[in-house]
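Colleague: Residue numbers (numbering that gives the first Met the number 0), protein chains in the order written: chain A, 0 to 262; chain B, 0 to 262.
Rather than coming from a laboratory, the hints here were simulated on the basis of the structure.
Among the clues, some could well be false.
[To be verified] Below, computed lysine to aspartate or glutamate pairings styled on EDC-like, alpha-carbon distance capped at 20 Å:
#1 Lys-126/A <-> Glu-144/A
#2 Lys-126/A <-> Asp-169/B
#3 Lys-126/A <-> Glu-143/A
#4 Lys-178/B <-> Glu-71/A
#5 Lys-83/A <-> Asp-184/A
#6 Lys-260/B <-> Asp-163/A
#7 Lys-254/A <-> Asp-224/A
#8 Lys-178/B <-> Glu-161/B
#9 Lys-151/A <-> Glu-140/A
[Stated by the list, open to error] Pairwise CB distance ranges (calculated):
#10 Trp-30/B <-> Glu-71/A: 50 to 60 Å
#11 Pro-121/B <-> His-156/A: 51 to 61 Å
#12 Gly-127/A <-> Pro-59/B: 52 to 62 Å
#13 Pro-121/B <-> Gly-127/A: 39 to 49 Å
#14 Ala-257/B <-> Leu-129/A: 21 to 31 Å
#15 Arg-89/A <-> Ala-19/B: 50 to 60 Å
[Said to hold, decoys possible] Going by beta-carbon spacing under 8 Å, a handful of chain B positions derived as facing chain A:
#16 Ala-170
#17 Lys-172
#18 Pro-188
Positions of the beta carbon are idealized from the N, C-alpha and C atoms, including for glycine.
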Amino acid sequence: MLVQSDSLSFAEHVKDGSACLRVNSLLKTYQGRGNVIEDVSFGIMPGEAVALIGGNGSGKSTLLKCCLRLIEPDRGEIEFLNQKILDLNRAQLRVLRSRVGLVFQHHNLIPRLSVFSNVILGAIGRKGGLRTWRHCFSTREIREEAMACLEKVGLPHLAASRADMLSGGESQRVAIARALMQRPDFLIADEPVASLDPRVGREVMELFMELNEQERITFFYVSHDLDHAIQYSNRILALQHGRLIIDDRSSLFTKGELREIYH
Amino acid sequence: MKSTTEMPDRIMMPPAWKFAGYIAVVIFIVWSFKGSGLSVSDLIRGLPNLFRLVNEMTPPNFDRFASISKAILQTFQMGLVGAVVGIVISFFLGILATRRNTPHPVVFHVTRFVIAFCRSVPDLVWAVIFVASVGLGVFAGTLTIIVDTIGFCGRFFAEAMEEVDPGPEDALKSIGANKFFIVMSAVVPAAMPSFVNSSLFALEKAVRSSVVLGLVGAGGIGIELKVAMDMFEYQQAAAIILYIFALVISVEQFSIYARRKFM
Ligand SMILES: Nc1ncnc2c1ncn2[C@@H]1O[C@H](COP(=O)(O)OP(=O)(O)OP(=O)(O)O)[C@@H](O)[C@H]1O
Ligand SMILES: [Mg+2]
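Using the sequences plus the hints, can you model the full thing?
Modeller: Structure (structure tokens):
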């Protein structure tokens, strides 16, 4: 199935330059794997919430990481927050990355450090390494903000726990708190509710929506939950074998139609 | 149900060249017994001498308690300082000697070579070299232990850092941290148990080696032992050996305790 993309509105994004993330003809190849991302182009407008769906191994995580150049794409253009990121030098890239929160699929918390220290490290990009290295070196302002972020995800009572002792759901939410600590303009999340139970999963999605609507943080996330993808987004992108096969408004889809992409 | 693919054979005959190789290794080992001078008859002939020596050593003579205590303290200090300085240097060399963290592949290979070189030259050889360059005394011994510790810790620190999960590093990279603080904040906490473990082994090794360095004039208790033996003061030598035994055992016990405490 190939749903015709709303090509007019997409073309508009690309033309008027108002998109805050614009990806053009992206290609990524792994040795011996062929093209993991093939000729992918799309744009995301400021303030949008966009869901990315696709089967296992379709290239979703790779695509997200390419957007921040955590994985170096082989070809294509990426313009993020008005910067052509493939042309940035290392210092400029660090500044850009500090403005974009990324919640990894595997959370990637730092083991053996406390939850509190992990959240504080979310400020490492904007406050520098010394102030965030150990929480005792942090300013009062940073420490209070970290607690506030933990409160947003409902885990202030775990501040002193070790990050590698948490349950999957808890560590997921700590990772979200760390991303919030970045005060991001743009939030990327790779299956942010995959390890959460349905109730907490909904709560976390509601939190993202709240941030999206009230603080106008643009939100781009991967989900395997089609109900979520439809309910919590303005637009849906779908990848199949590294190709973008859907790019359209969420309200146009039913769950049944979206399920087709997994065949 | 029988699988269509064939089961592996119970016994696999190695190819002829491998078989010949095994035979050659066995022959070489047997031949080496001859080269090593291992001889039961010589051992039996030497046993009375050994008994006589032990007999002449008892009871140990603790007359020079004060001066030997001073020497043993100095020996320990030499080992301790050598190990601490060596560990600190190894930490930085270790960072340069990990593929992911090194600033440049050339730096990687150079540091790997330096570490391997420190390791492959035995400590007594280093001691002779340092005695020849900085003169007789503790300083030559301390330098020896520093170099020896670098050879040991540099390698294990680098390996520990290579082995940590790259996820947390990616996370800090995506927040916009620079390379140095990625190592300090993500790699170091994860590799810490391994660092502590290697450091404690290094300390044990340093103390053991500080005891013998005196034999070539590089300070410490070793020289006392040599003098006592050369002057046929066997009872005094026995006392010194007991001192050494106590020192090495205490350090090992401390090491076991610290390891259990930390892990
Ligand atoms: N470093 C790598 N080297 C080689 N192949 C890789 C590498 N990383 C990912 N791949 C391959 O690229 C493909 C896409 O991986 P990716 O992680 O982007 O998939 P995904 O859509 O996120 O899947 P999932 O839903 O399971 O998270 C997979 O086939 C994967 O095996
Ligand atoms: Mg993925």
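Colleague: Out of the numbered hints, which ones does the structure contradict?
Modeller: none
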